[in-house]
Amino acid sequence: MSQITNYITESYTELINKVTWPTWRELQESSILVFVASLLIAGVVFIMDWSFGVNASDSIWKGVVGNLYDLF
125 MSQITNYITE
135 SYTELINKVT
145 WPTWRELQES
155 SILVFVASLL
165 IAGVVFIMDW
175 SFGVNASDSI
185 WKGVVGNLYD
195 LF
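Counting from 125, one number per residue, gives the positions in the sequence shown under my numbering.
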């Protein structure tokens with residue numbers, strides 16, 4: 125039992141004294157960067173899905189693959 129207590133105490137001490145935590149400003153900047161990158165990637169995936177035809181079945185646009193299938 126003393127080993128578990130020792131482990132928890134050392135872990136707490138390391139987290140408080142040895143870890144370099146980001147400042148509030150750095151945390152905000154990183155969060156904004158992740159949010160913008162996520163929006164860009166989601167937009168690219170949406171455009172790719174829409175252009176290749178991964179959309180609703182009642183949609184007018186069938187996509188590139190759907191139009192190729194209609195040729196044959």
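One should not assume that every hint holds.
Unchecked claim - Okay, the calculated beta carbon distance ranges per label pair: (1) Val188 / Trp148: 26 to 32 Å; (2) Phe196 / Gln152: 37 to 43 Å; (3) Glu138 / Phe176: 57 to 63 Å; (4) Gln127 / Arg149: 37 to 43 Å; (5) Ile140 / Leu164: 47 to 53 Å; (6) Val188 / Leu163: 21 to 27 Å; (7) Ile171 / Asn141: 44 to 50 Å; (8) Lys142 / Val168: 36 to 42 Å; (9) Ile132 / Trp185: 56 to 62 Å; (10) Ser126 / Ser154: 36 to 42 Å.
These are calculated hints, taken from the structure and not from any lab test. Note that the coordinates shown come from a computational prediction; the quantities given were computed from them, not determined experimentally. Glycine residues also receive a C-beta, built at the ideal position from the N, C-alpha and C atoms.
Right, here's what the structure says about each hint:
no.: 1; hint: Val188 / Trp148: 26 to 32 Å; in the structure: violated, 47 Å
no.: 2; hint: Phe196 / Gln152: 37 to 43 Å; in the structure: violated, 54 Å
no.: 3; hint: Glu138 / Phe176: 57 to 63 Å; in the structure: violated, 49 Å
no.: 4; hint: Gln127 / Arg149: 37 to 43 Å; in the structure: holds, 40 Å
no.: 5; hint: Ile140 / Leu164: 47 to 53 Å; in the structure: violated, 37 Å
no.: 6; hint: Val188 / Leu163: 21 to 27 Å; in the structure: holds, 24 Å
no.: 7; hint: Ile171 / Asn141: 44 to 50 Å; in the structure: holds, 48 Å
no.: 8; hint: Lys142 / Val168: 36 to 42 Å; in the structure: holds, 40 Å
no.: 9; hint: Ile132 / Trp185: 56 to 62 Å; in the structure: holds, 58 Å
no.: 10; hint: Ser126 / Ser154: 36 to 42 Å; in the structure: holds, 39 Å
Of the numbered hints listed earlier, those contradicted by the structure are 1, 2, 3 and 5.
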